[in-house]
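Protein chains: 2
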Amino acid sequence: MRKIQLLALVFTLAISGFSQQNTKGFTLVIHGGAGTILKKNMTPEREKAYMAALDSALLTGYKILEAGGSALDAVQATVMVMENSPLFNAGKGAVFTNEGKNELDAAIMDGFTLKAGSVAGITTIKNPITAARAVMDKSEHVMMSGKGADLFAAQQGCEVVDPSYFYTEDRFRGLQRAKERDANKVDSSNAGLRNPLHRDEKYGTVGAVAVDKQGRLAAATSTGGMTNKKWGRIGDAPIIGSGTYANQQVAISCTGWGEYFIRLVMAKSIADRMEFGKQSLKDAAHQLVMVDLPKLGGDGGLVAVDKNGNISMPFCTEGMYRGFIRSNGQKEILIYK
Amino acid sequence: MRKIQLLALVFTLAISGFSQQNTKGFTLVIHGGAGTILKKNMTPEREKAYMAALDSALLTGYKILEAGGSALDAVQATVMVMENSPLFNAGKGAVFTNEGKNELDAAIMDGFTLKAGSVAGITTIKNPITAARAVMDKSEHVMMSGKGADLFAAQQGCEVVDPSYFYTEDRFRGLQRAKERDANKVDSSNAGLRNPLHRDEKYGTVGAVAVDKQGRLAAATSTGGMTNKKWGRIGDAPIIGSGTYANQQVAISCTGWGEYFIRLVMAKSIADRMEFGKQSLKDAAHQLVMVDLPKLGGDGGLVAVDKNGNISMPFCTEGMYRGFIRSNGQKEILIYK
Chain A
1 MRKIQLLALV
11 FTLAISGFSQ
21 QNTKGFTLVI
31 HGGAGTILKK
41 NMTPEREKAY
51 MAALDSALLT
61 GYKILEAGGS
71 ALDAVQATVM
81 VMENSPLFNA
91 GKGAVFTNEG
101 KNELDAAIMD
111 GFTLKAGSVA
121 GITTIKNPIT
131 AARAVMDKSE
141 HVMMSGKGAD
151 LFAAQQGCEV
161 VDPSYFYTED
171 RFRGLQRAKE
181 RDANKVDSSN
191 AGLRNPLHRD
201 EKYGTVGAVA
211 VDKQGRLAAA
221 TSTGGMTNKK
231 WGRIGDAPII
241 GSGTYANQQV
251 AISCTGWGEY
261 FIRLVMAKSI
271 ADRMEFGKQS
281 LKDAAHQLVM
291 VDLPKLGGDG
301 GLVAVDKNGN
311 ISMPFCTEGM
321 YRGFIRSNGQ
331 KEILIYK
Chain B
1001 MRKIQLLALV
1011 FTLAISGFSQ
1021 QNTKGFTLVI
1031 HGGAGTILKK
1041 NMTPEREKAY
1051 MAALDSALLT
1061 GYKILEAGGS
1071 ALDAVQATVM
1081 VMENSPLFNA
1091 GKGAVFTNEG
1101 KNELDAAIMD
1111 GFTLKAGSVA
1121 GITTIKNPIT
1131 AARAVMDKSE
1141 HVMMSGKGAD
1151 LFAAQQGCEV
1161 VDPSYFYTED
1171 RFRGLQRAKE
1181 RDANKVDSSN
1191 AGLRNPLHRD
1201 EKYGTVGAVA
1211 VDKQGRLAAA
1221 TSTGGMTNKK
1231 WGRIGDAPII
1241 GSGTYANQQV
1251 AISCTGWGEY
1261 FIRLVMAKSI
1271 ADRMEFGKQS
1281 LKDAAHQLVM
1291 VDLPKLGGDG
1301 GLVAVDKNGN
1311 ISMPFCTEGM
1321 YRGFIRSNGQ
1331 KEILIYK
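So the protein lines, in turn, are chains A and B.
Residues 1 to 337 (my numbering) make up the first sequence, in order.
Residues 1001 to 1337 (my numbering) make up the second sequence, in order.
It should be emphasised that the hints constitute simulated quantities derived from the structure, not laboratory data.
Hints are supplied without guarantee of correctness; some may be wrong.
Using 30 Å as the maximum straight-line C-alpha spacing, the simulated DSS-like pairs for lysine-lysine come out as follows [to be verified]:
#1 Lys147(A) <-> Lys115(A)
#2 Lys179(A) <-> Lys1213(B)
#3 Lys101(A) <-> Lys1179(B)
#4 Lys278(A) <-> Lys1295(B)
#5 Lys1063(B) <-> Lys1147(B)
#6 Lys1039(B) <-> Lys1138(B)
#7 Lys48(A) <-> Lys230(A)
#8 Lys138(A) <-> Lys63(A)
#9 Lys24(A) <-> Lys1295(B)
#10 Lys147(A) <-> Lys48(A)
#11 Lys1278(B) <-> Lys307(A)
#12 Lys213(A) <-> Lys230(A)
#13 Lys147(A) <-> Lys1063(B)
#14 Lys1230(B) <-> Lys230(A)
#15 Lys1039(B) <-> Lys115(A)
#16 Lys138(A) <-> Lys1230(B)
#17 Lys1138(B) <-> Lys101(A)
#18 Lys1126(B) <-> Lys213(A)
#19 Lys1138(B) <-> Lys295(A)
#20 Lys1213(B) <-> Lys1101(B)
#21 Lys101(A) <-> Lys1282(B)
#22 Lys278(A) <-> Lys1331(B)
#23 Lys230(A) <-> Lys1138(B)
#24 Lys1213(B) <-> Lys1138(B)
#25 Lys115(A) <-> Lys1213(B)
#26 Lys230(A) <-> Lys282(A)
#27 Lys1101(B) <-> Lys230(A)
#28 Lys1282(B) <-> Lys278(A)
#29 Lys1063(B) <-> Lys295(A)
#30 Lys147(A) <-> Lys1024(B)
#31 Lys1115(B) <-> Lys230(A)
#32 Lys101(A) <-> Lys282(A)
#33 Lys1295(B) <-> Lys1039(B)
#34 Lys1101(B) <-> Lys101(A)
#35 Lys295(A) <-> Lys1024(B)
Calculated from the model, a selection of chain A residues having no Cβ within reach of chain B, i.e. all distances over 12 Å [stated by the list, open to error]:
#36 Lys40
#37 Thr43
#38 Ala153
#39 His286
#40 Gly329
Beta carbons: idealized from backbone N, C-alpha and C, even for Gly.
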């Protein structure tokens, strides 16, 4: 075993040296959820608030990357800004479960080491992405769930809040509307979710991906899951390979109808098309999000960045809150198609 | 949306027709866990019991496939036989959590439709693989967890048992030994798990993969997780793409140190090397299990079958309970290297 560890060390140093020789600019890409986001349904004030929140998230990550910080630290801090905003379905703005609770999922992955951490169904940690990071850094595990995950994160010093912290009137009304719709369903099938406008109220995610000055990649995703969720449903966000994935080529964070992202193992499929199919990030992401996903019956989008700073932000919905910033200061924030 | 559904239907019928034209023999492959299984530590009686249990599992699936049943039904029934045996860490033989409970994980995937179902941390369903199947067939979700998953499975008619059903003296003693070892740990690191003999007592899984007469593939995996697990830990077995995956090319079920299988997105990596890298099942599985997995520091094995009936059963441990049966009656059951 010691020989393997030594070999791993030599291997790590070799790669580390390689990366440092190739020091380049950095790039950060974020999303705040995809769905039927139409200009006609948006007030100027609300649009302004979203733009400001996305801008604040980008600048937070930018400062870390500019100072030579890691992609891993940058995506975590960036996601925390969006978790702290009531505008997005993550952290403070999380949607409600059928029981009127907020159960939060998050995942983070370091592409450089392939280390990952993930939590599902936590209820008392202010920033779920910090819980995912604690699982990655301070445990022998990759994924924890429920009360146990809350307890572990609290023990590791993550900020604990009363579950009432996650209450927002807007999301609570969303739960009431979802329950009314479900009560009016004529059958027990998936009909409610087949209406994209209803589905948008149910889903939502925030995420960030980055490549830092040393060429290291990382991805982070956080969500409140779906409105009115029951049965301890787990979506794609905390599933490594589906909603969140990073390796030494690419980092990806997804948002959308989670079940379809899991069935496609969305993020890993894109990474593998690039690695083994020699496809560009753009082509691989387009195939999965614009072809395979709707063909299966799902929808949503994702943000991705590769080691060369190439960006992809495809979505097959009406809109996706998204943006990017580069080391040269180039910045863009978008909502609609 | 209707146009897409119609296209999907035409597509499905086209593929279905293709598969039927190519009717061939069928193949079923199973595992009952990988680890430091040494002949010198095994009594003849115990070895005989394992061989008989594996044989019974294989014959159960064989009958279904021989009668023209689906790969999906075959892998489920095969896994149920192993879940009902106290010899394997799944169902009746599940290991204990730190709190002295049995929390069970399982997943099933239909490669033909890419439908999947998964449960994590259930405690009252006799056969967790039936709960995973219920999630797949009877819900809009892919993954459910905890009490909610138990409740859903019970509502769908899965057999409910008192949690005491899962008590076995052998596994309970295993928990005591694990606790003693953890109490004696000199640091808070992963040292205990670095000893493969200790790890073997902690991990274990059962799984089955099959290709049926119509060329359809399916995979199923079930486990009690790891002895003395805390914090709602979720391993790779219920993670679609990591411990369990099937598409129209290959079906894979894994067993081993779950955290490493998640970080490698093990099963999907193999499937994608085949699809996009044009590698054979044998080469792809060898690379992941014999090279990438130990390089990262993990161990374990898997069973896989492709659409042409090619089999792979690699493992980088001392042994793995495993076997296969083909439509021509060829059958093999193995334990050691």
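So, going through the hints one by one against the coordinates:
At roughly 23 Å between alpha-carbon atoms, Lys147(A) and Lys115(A) fall within 30 Å of each other, so this suggested pair holds. Restraint check: the Cα-Cα separation between Lys179(A) and Lys1213(B) comes to about 44 Å, which exceeds 30 Å; the hinted pair is violated. Among the hinted pairs, Lys101(A) with Lys1179(B) is inconsistent with the structure: their alpha-carbon atoms are about 34 Å apart, more than 30 Å. Distance hint between Lys278(A) and Lys1295(B) is fulfilled; the C-alpha atoms sit about 24 Å from each other, no more than 30 Å.
Using a Cα cut-off of 30 Å, the hinted pair Lys1063(B) and Lys1147(B) is violated, with the two alpha carbons roughly 34 Å apart. In summary, the hint linking Lys1039(B) to Lys1138(B) is not supported, as the alpha carbons are separated by about 44 Å, beyond the 30 Å threshold. Between Lys48(A) and Lys230(A) the CA atoms are separated by roughly 34 Å; this puts the pair beyond 30 Å, and the hint is violated. Note on Lys138(A) and Lys63(A): the hinted pairing holds, with a Cα-Cα distance of about 26 Å set against a maximum of 30 Å.
Only pairs whose Cα atoms come within 30 Å are accepted, and Lys24(A) paired with Lys1295(B) is accepted, the gap being roughly 28 Å. Restraint check for Lys147(A) and Lys48(A): the C-alpha separation of about 37 Å exceeds 30 Å, so the hint is violated. Our distance criterion of 30 Å between C-alpha atoms is met by Lys1278(B) and Lys307(A), whose separation comes to about 24 Å. Taking the CA atoms of Lys213(A) and Lys230(A), the gap is about 43 Å. The hint is violated against a cut of 30 Å.
A C-alpha spacing of about 43 Å is found between Lys147(A) and Lys1063(B), which places the hinted pair above 30 Å, so the restraint is violated. Restraint check: the Cα-Cα separation between Lys1230(B) and Lys230(A) comes to about 24 Å, which is no more than 30 Å; the hinted pair holds. Distance hint between Lys1039(B) and Lys115(A) is unfulfilled; the C-alpha atoms sit about 35 Å from each other, more than 30 Å. Proposed proximity of Lys138(A) and Lys1230(B) is supported: the alpha carbons are some 14 Å apart, at most 30 Å.
With a CA separation close to 24 Å, the supplied pair Lys1138(B) and Lys101(A) stays within the 30 Å bound. Taken as a hint, the Lys1126(B) and Lys213(A) pair is broken in the structure, with Cα atoms around 52 Å apart against an allowance of 30 Å. Distance check on the hinted pair: Lys1138(B) and Lys295(A) sit about 21 Å apart at the alpha-carbon level, within 30 Å; holds. A C-alpha spacing of about 41 Å is found between Lys1213(B) and Lys1101(B), which places the hinted pair above 30 Å, so the restraint is violated.
Restraint check: the Cα-Cα separation between Lys101(A) and Lys1282(B) comes to about 47 Å, which exceeds 30 Å; the hinted pair is violated. Simply put, Lys278(A) and Lys1331(B) have alpha-carbon atoms about 39 Å apart, too far for the 30 Å limit, and the pair is violated. Simply put, Lys230(A) and Lys1138(B) have alpha-carbon atoms about 14 Å apart, close enough for the 30 Å limit, and the pair holds. A C-alpha spacing of about 25 Å is found between Lys1213(B) and Lys1138(B), which places the hinted pair at or below 30 Å, so the restraint holds.
Between the alpha carbons of Lys115(A) and Lys1213(B) the distance comes to roughly 40 Å, so the proposed pair goes past 30 Å and is violated. As the CA atoms of Lys230(A) and Lys282(A) are separated by approximately 36 Å, the hinted pair breaks the 30 Å bound. For the proposed pair Lys1101(B) and Lys230(A), the alpha carbon gap of about 23 Å is at most 30 Å, so the pair holds. For the suggested pair Lys1282(B) and Lys278(A), the alpha carbons sit about 21 Å apart, so the restraint of at most 30 Å is met.
A C-alpha spacing of about 35 Å is found between Lys1063(B) and Lys295(A), which places the hinted pair above 30 Å, so the restraint is violated. Distance hint between Lys147(A) and Lys1024(B) is unfulfilled; the C-alpha atoms sit about 49 Å from each other, more than 30 Å. Of the pairs offered as hints, the one joining Lys1115(B) and Lys230(A) holds, with about 20 Å between alpha carbons and a cut-off of 30 Å not exceeded. Restraint check: the Cα-Cα separation between Lys101(A) and Lys282(A) comes to about 38 Å, which exceeds 30 Å; the hinted pair is violated.
Of the supplied pair hints, the one linking Lys1295(B) and Lys1039(B) holds, its CA atoms being roughly 27 Å apart against a limit of 30 Å. Straight-line distance between C-alpha atoms of Lys1101(B) and Lys101(A) comes to about 25 Å, which keeps the hinted pair within the 30 Å bound. Between Lys295(A) and Lys1024(B) the alpha-carbon distance is near 28 Å, which keeps this suggested pair within the 30 Å criterion. For Lys40(A), the condition that its CB be more than 12 Å from all CB atoms of chain B holds, with the nearest at approximately 21 Å.
Interface exclusion of Thr43(A) from chain B stands, the closest Cβ pair being 29 Å apart, more than 12 Å. Distance to chain B contradicts Ala153(A) as a non-interface residue, since its nearest Cβ pair spans about 9 Å, not more than 12 Å. Chain B leaves His286(A) outside its interface by the beta-carbon criterion, the shortest separation being 15 Å against a cut-off of 12 Å. Listed as outside the interface, Gly329(A) is consistent with that label: its C-beta sits roughly 35 Å from the nearest C-beta of chain B, beyond the 12 Å cut-off.
When held up to the earlier numbered hints, the structure conflicts with 2, 3, 5, 6, 7, 10, 12, 13, 15, 18, 20, 21, 22, 25, 26, 29, 30, 32 and 38 and fits the remainder.
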